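Asks: Once you have looked at the hints, place chain G on chain D.
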Amino acid sequence: MPERIDRRIGHDRLLFVVVVIILAAAAAGVYVWTLMRSPGVQQNAEAPSQPALAKPPRADEPLMITLYFPSDGMLASGSAAVKRQPDGQSQAREILAAMLGDQRAAQTALLKDIRLRELYLDATGTAYVDLAAAPQKEIRASAGEELTAIYAIVNALTQNLEEIKRIRILLDGREAQTLAGHIDLTRTFGERMDLVKQ
Amino acid sequence: MIIFVSLLSVPSGTFSAEKGLTVRGVRYFSYTTFTRIVFEIEAAAPYVLTRTAGGGALLFSAYEGPFMLKAQLPVIHDGVVSGVESKEEAGRNVILINLDTAAGDVKDFVLRGPDRIVLDIAKGTASSAQAAQADKPVVVVLDAGHGGRDTGIVTARGQEKSMTLELAHAVRKILQKDSRLRVVLTREKDQALSLDERAGIANAAGATLVVSIHASAGSAGRVYILDPDDDLAGQEAVRPSSNRDFLSFEAGSEEQEKLWGRQQAAHTKESGGFGRELARQLGGGEGAEPVQAPIAGLKAMDAAAAMVEIGMEQDRAKAAEAIAKGIEQYARENR
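So the protein lines, in turn, are chains D and G. Take the first sequence: its letter number 41 is residue 40 in numbering that gives the first Met the number 0, and every next letter is one higher. Take the second sequence: its letter number 90 is residue 89 in numbering that gives the first Met the number 0, and every next letter is one higher.
Rather than coming from a laboratory, the hints here were simulated on the basis of the structure. Certain hints may be false.
As the list claims (entries may be wrong) - Straight-line distance between alpha carbons at most 30 Å, and here's what the computed DSSO-like set of lysine-lysine pairs gives:
| id | chain 1 | residue 1 | chain 2 | residue 2 |
| --- | --- | --- | --- | --- |
| 1 | D | K164 | G | K268 |
| 2 | G | K188 | D | K136 |
| 3 | G | K188 | G | K172 |
| 4 | G | K135 | G | K324 |
| 5 | D | K111 | D | K196 |
| 6 | G | K268 | D | K196 |
| 7 | D | K164 | D | K54 |
Given the structure is predicted, the values throughout are model-derived calculations rather than measurements.
Just chain D, same shape as in the assembly (with noise of 0.2 Å):
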């Protein structure tokens, strides 16, 4: 009877280590998992079963955009490629050089006879294009022409930029009345999406 008391106390003590030892284990997966969760972990951990779409994007991974561009008096959207830029000032920059070098704004008026001349973007979300005729150029256009090669530069960065809200426009770094003498560049623009074809 002694030996039978003393195993089974021995038995005892076994299944109260092993379910320390459970108890342990699981703790320390809650512990690996949540440290897991948190960004500076994430950011620094090598995780290949992670989804690629929490992944930051990489410096010199080019950024997906929607571009705009008159097609029958409305504007027809597309989309680019482009380099991605530090800041939203400079991305704009690099948005509207990538619209106004596309195949598409060669072949329309307006569009085809500008340049950008720059871009400032203020802290109330107001990004000023400054535009000036292409060399050997002169701005012509009806005022539907005008209208839609306004509003695809609109649209190009309001929709691509958060922090672009509205836009004015400048001819040669000054305030001018209009681009090809239809549409009033005195006021500020907010996007038209009713212009573009859906």
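Replies: Only chain G this time, still in chain D's reference frame:
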């Protein structure tokens, strides 16, 4: 004697009333419906325009500070103005504009870059204007877009400036058959006009309806009306009032010049209806709507106003008929 003070709107910091007003040139133009006198000034400053008690003359001077005249005054004798002279009144220099029997209402406004003060003296005496008020014709202003060195677009079918003028003449020819309509063109020939000058002509003519005529490549036409400017949201539009001075603004108001370019805001509803009628007649069908856009040339029009854009490939005679029909139809239903 009634005194009207006009304040030029200039960026703060550049404005100085103490410097007075210096006139470095005076020009005038006799149009069929009014006489325009343009004072070219050296720098923006407040001025005073006074009509004498009998209404026979206008006195023009600086509001404060010296008033300098550095130009020769033109000889005007066109039935509206009988002479312009420089003189001293109550110890200050003034320009005296003697009005003739045909002189009617006077409007003044300011143009910038270079700075100018413009007086438009309408043809028609106050009494005849009152008599005509009872059976006032609808004044239709046709504004042929572009002109002079500004050719507008150029296609194989020609220059936009020529097409718009041709259309304006064709529309006038049709409308002249209707005795209730009086038609005024902003330009009769190949001539450069600024957008402010076009609005000045339309407003001085007492326009009821304004159609700005433009062209586009291709065969599609479109009608535009001015869309509301968000920047001006919450601000009061320029509305007709019984207490109006030469400028059609509140007498003595410091907002006179600030309000230039906002006249159209008071006509949003009428312009919408007028634009719809033109869009319908130009082939858009019953539900046709004009496109709302920030059209610079419509901002200062003090009337129901729309811009039509006619395709260069379109049949011009038919386009002229459609514009004329839209004007007649709207005038008939809204008068």
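Asks: Take the hints in turn and mark each one as holding or not.
Replies: Hints, one by one, checked against the model:
| no. | hint | verdict |
| --- | --- | --- |
| 1 | D:K164 <-> G:K268 | 28 Å, holds |
| 2 | G:K188 <-> D:K136 | 27 Å, holds |
| 3 | G:K188 <-> G:K172 | 15 Å, holds |
| 4 | G:K135 <-> G:K324 | 20 Å, holds |
| 5 | D:K111 <-> D:K196 | 21 Å, holds |
| 6 | G:K268 <-> D:K196 | 27 Å, holds |
| 7 | D:K164 <-> D:K54 | 27 Å, holds |
Comparing the model with each earlier hint shows no violations; every hint is respected.
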